[in-house]
Amino acid sequence: MNYLKETPSQTAGPYVHIGLAPKAAGFDIFDQELGWDIAGPNAKGERIRIEGMVYDGTGAPVKDVLLEAWQANAQGHYAHSEDGRGVEEGFRGWGRVITDFDTGLWGFDTVKPGATLGRNGTTQAPHINLWIVARGINLGLNTRLYFEDENNADDPVINLIEHIHRRETLIAKRRETDEGVVYRFDIYIQGDKETVFLDI
Amino acid sequence: MKPAEFYQRDRQHHGPALHRDYKTSVTRSPQYALLSLENSLSEITGPVFSHNDVDKLDNDLIKNYAKSGDPIGERIIVHGRVLDENARPVPNTLVEIWQANAGGRYRHKKDTYLAAIDPNFGGCGRTLTDENGYYYFRTVKPGAYPWRNWVNNWRPAHIHFSIFGTAFAQRLITQLYFEGDPLIKTCPIVNSVPDEKAVDQMIARLDMNASIPLDTLAYRFDIVLRGRRSTLFENRLEGN
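Sequence order for the protein chains is A and B.
So in this note's numbering the end of the first sequence lands on 200, straight run, no missing numbers.
So in this note's numbering the end of the second sequence lands on 440, straight run, no missing numbers.
The following block holds chain A by itself, in its conformation from the complex (with noise of 0.2 Å):
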């Protein structure tokens, strides 16, 4: 059969700043760096922030991380032809965000996405799709964030989760602040809390 393989993936490396986001790295060079406005001036919806922090094995924060975030807007679309229902000017969903260097910690602001049209007929309760690189990580770490005040309980991938005590691992904690609505949701790549990863 005359398939090609996908190349292989290799870490992101410690400098992952350097190509994706330069700031970070110490220094100006492009006029715009991608990823950092994720939703658009014009996105209907709740706007809220997301926040958290990666911890390693050891319990350690892992600080030089990089996650990307893919997710629908308010209505549940995909800025996306495959799609094809339309989201508003300017709403493209795709972020990108990296951890503070000494606290580890993370967070971008958003709106909340709708449901999502799942396998099927069916619902996908409203999640951000997320993608986790960094040194060590030898294959980006696939995982979804979905909110508690949702109702996960009908979610066609929640529900695929056989050990129903770690479903937990993917649900961000809601908290009022006087800046807004903050949504946390801290990632544990290995170890007793492990996040369920995704094999998409």
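Just so you know, these hints were derived from the structure itself, not from any lab.
Owing to the predicted nature of the structure, the values given are computational and were not obtained by experimental measurement.
No residue lacks a Cβ here, since even glycine has one placed at the ideal position from N, Cα and C.
One thing to keep in mind: the hints can contain errors.
Claimed, not checked - Distance ranges between label pairs, derived from CB positions:
(1) B/Lys397 <-> A/Thr58: 54 to 60 Å
(2) B/Arg405 <-> A/Arg184: 45 to 51 Å
(3) A/Asp178 <-> B/Glu379: 53 to 59 Å
To be verified - One side of the interface only, derived from the structure: several residues of chain B facing chain A at Cβ under 7 Å:
(4) His214
(5) Pro230
(6) Tyr232
(7) Leu235
(8) Leu237
(9) Ser240
(10) Leu241
(11) Ile244
(12) Pro247
(13) Tyr306
(14) Ala316
(15) Ile317
(16) Pro319
(17) Gly323
(18) Tyr336
(19) Gln375
What the hints assert, rightly or not - Below, computed lysine-lysine pairings styled on DSSO-like, alpha-carbon distance capped at 30 Å:
(20) B/Lys223 <-> A/Lys23
(21) A/Lys5 <-> B/Lys397
(22) B/Lys341 <-> B/Lys385
(23) B/Lys341 <-> B/Lys263
(24) B/Lys267 <-> B/Lys385
(25) B/Lys385 <-> A/Lys5
(26) B/Lys256 <-> A/Lys23
(27) B/Lys267 <-> B/Lys309
(28) B/Lys309 <-> B/Lys256
(29) A/Lys193 <-> B/Lys223
(30) B/Lys397 <-> B/Lys223
(31) B/Lys267 <-> A/Lys23
(32) B/Lys385 <-> B/Lys223
(33) B/Lys263 <-> A/Lys23
(34) B/Lys385 <-> B/Lys256
(35) B/Lys223 <-> B/Lys341
(36) A/Lys193 <-> A/Lys173
(37) B/Lys310 <-> B/Lys256
(38) B/Lys397 <-> B/Lys310
(39) B/Lys310 <-> A/Lys5
(40) B/Lys341 <-> B/Lys397
Since the structure of chain A is provided, determine the placement of chain B on it from the hints.
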């Protein structure tokens, strides 16, 4: 025919999450099995980029950070195509690269290697593939550098590549190595990929025909992203 799901990612073709010789992977590798998902809309869609996102000079690392002159080093062109596993070109996809300078030093506040920073070299670039999936960059050949793993580990000269494809399921970061570099075989990061033919896919070939006489050498580097089925039969990915 509407394209549908992606072929299952062949995880035996990639390095395993845990590769003990690459020490950092020991505590940064999940231990539980991944949850395998059939693709939904969330995986077969992904961000779309346009020429408004990149500037013309972004793919020219010799000029895109030049202050007082050109950077030091061997002038090279790196070019190739982004294809999928069906050997179809992937047009209009964002390709981003980053690398050390000719001395093996990164412009990064966390890099403390004693080799000098080059005032005229930033070390990053980006471009969109054309309608044939073709891309090119101009840069200088990066140097090898030491890193803390074993006492005397050196990374082979390499350029990091980030590629999007058309779907979040195709997202990939890899590294380009240079044909003939004896450090490739000694590198625990390269060797995390078990299959020699797979490693070979990450090695760019000297391409004399694409070089510019009296000016610039060229290396050819084709990248393959995951391919997808065509819907011969109704697979009910989206519909009812």
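Hints versus structure:
Between lysine 397 of chain B and threonine 58 of chain A, the C-beta spacing of about 35 Å breaks the proposed range 54 to 60 Å. For the pair arginine 405 of chain B and arginine 184 of chain A, the supplied restraint of 45 to 51 Å holds, since their beta-carbon distance comes to about 48 Å. As the Cβ distance of aspartate 178 of chain A to glutamate 379 of chain B is approximately 58 Å, the hint placing it in 53 to 59 Å holds. The restraint placing histidine 214 of chain B at the interface with chain A holds, with a minimum CB-CB distance near 5 Å, inside the 7 Å limit.
Among the interface hints, the one on proline 230 of chain B holds; its C-beta lies about 5 Å from the nearest C-beta in chain A, closer than the 7 Å criterion. Interface restraint check: tyrosine 232 of chain B against chain A, minimum CB-CB distance 5 Å, threshold 7 Å, status holds. Using the Cβ-Cβ criterion of 7 Å, the hint placing leucine 235 of chain B at the interface with chain A is satisfied: the shortest such distance is roughly 5 Å. Hint status for leucine 237 of chain B: holds, given a least beta-carbon distance of 5 Å to chain A, under 7 Å.
Checking serine 240 of chain B against chain A by beta carbon gives a least distance of about 5 Å; that is within 7 Å, so the hint holds. Interface restraint check for leucine 241 of chain B: the shortest CB-CB distance to chain A comes to about 5 Å, inside 7 Å, so the restraint holds. Here the hint on isoleucine 244 of chain B is kept, as its CB sits about 6 Å from the closest CB of chain A, short of 7 Å. Annotation: proline 247 of chain B was flagged as interfacial toward chain A, and the flag holds, the nearest CB pair being 3 Å apart, inside 7 Å.
Given hint, tyrosine 306 of chain B at the interface with chain A, holds; its Cβ is 5 Å from that chain's nearest Cβ, closer than 7 Å. Interface hint at alanine 316 of chain B: violated, since its Cβ lies 15 Å from the closest Cβ of chain A, which is beyond the 7 Å cut-off. Using the Cβ-Cβ criterion of 7 Å, the hint placing isoleucine 317 of chain B at the interface with chain A is not satisfied: the shortest such distance is roughly 10 Å. Taken as an interface hint, proline 319 of chain B does not check out: its beta carbon lies about 11 Å from the nearest beta carbon of chain A, beyond 7 Å.
About 5 Å separates the beta-carbon of glycine 323 of chain B from the nearest beta-carbon of chain A, less than 7 Å, and the hint is met. Interface hint status for tyrosine 336 of chain B: violated, as the beta-carbon distance to the closest one in chain A is roughly 17 Å, over 7 Å. Taking 7 Å as the C-beta contact cut-off toward chain A, the hint placing glutamine 375 of chain B at the interface holds, the least distance being around 4 Å. Note on lysine 223 of chain B and lysine 23 of chain A: the hinted pairing holds, with a Cα-Cα distance of about 28 Å set against a maximum of 30 Å.
Only pairs whose Cα atoms come within 30 Å are accepted, and lysine 5 of chain A paired with lysine 397 of chain B is accepted, the gap being roughly 10 Å. A threshold of 30 Å between alpha carbons decides the hint, and for lysine 341 of chain B with lysine 385 of chain B the separation of about 19 Å falls inside it, so the pair holds. Taken as a hint, the lysine 341 of chain B and lysine 263 of chain B pair is honoured in the structure, with Cα atoms around 14 Å apart against an allowance of 30 Å. In summary, the hint linking lysine 267 of chain B to lysine 385 of chain B is not supported, as the alpha carbons are separated by about 37 Å, beyond the 30 Å threshold.
A threshold of 30 Å between alpha carbons decides the hint, and for lysine 385 of chain B with lysine 5 of chain A the separation of about 21 Å falls inside it, so the pair holds. Straight-line distance between C-alpha atoms of lysine 256 of chain B and lysine 23 of chain A comes to about 20 Å, which keeps the hinted pair within the 30 Å bound. For the given pair, lysine 267 of chain B sits about 19 Å from lysine 309 of chain B by alpha-carbon distance, which is consistent with the 30 Å threshold. Annotation: proposed proximity of lysine 309 of chain B to lysine 256 of chain B holds, straight-line Cα distance about 27 Å (limit 30 Å).
In summary, the hint linking lysine 193 of chain A to lysine 223 of chain B is supported, as the alpha carbons are separated by about 22 Å, within the 30 Å threshold. Of the pairs offered as hints, the one joining lysine 397 of chain B and lysine 223 of chain B holds, with about 24 Å between alpha carbons and a cut-off of 30 Å not exceeded. Under the criterion of a C-alpha separation no larger than 30 Å, the hint pairing lysine 267 of chain B with lysine 23 of chain A is consistent with the structure, at around 17 Å. Restraint check for lysine 385 of chain B and lysine 223 of chain B: satisfied, since their Cα atoms lie roughly 17 Å apart, inside the 30 Å limit.
With a CA separation close to 18 Å, the supplied pair lysine 263 of chain B and lysine 23 of chain A stays within the 30 Å bound. Between lysine 385 of chain B and lysine 256 of chain B the CA atoms are separated by roughly 36 Å; this puts the pair beyond 30 Å, and the hint is violated. Between lysine 223 of chain B and lysine 341 of chain B the CA atoms are separated by roughly 27 Å; this keeps the pair inside 30 Å, and the hint holds. Our distance criterion of 30 Å between C-alpha atoms is met by lysine 193 of chain A and lysine 173 of chain A, whose separation comes to about 16 Å.
With a C-alpha separation of about 29 Å, the suggested pair lysine 310 of chain B and lysine 256 of chain B falls inside the 30 Å cut-off, and the hint holds. This hinted pair does not check out: lysine 397 of chain B and lysine 310 of chain B have alpha carbons roughly 34 Å apart, beyond 30 Å. For the hint pairing lysine 310 of chain B with lysine 5 of chain A, the CA-to-CA distance comes to about 35 Å; that exceeds 30 Å, so the pair is violated. For the proposed pair lysine 341 of chain B and lysine 397 of chain B, the alpha carbon gap of about 24 Å is at most 30 Å, so the pair holds.
Consistency with the previously given hints fails for numbers 1, 14, 15, 16, 18, 24, 34, 38 and 39, ordered from lowest to highest.
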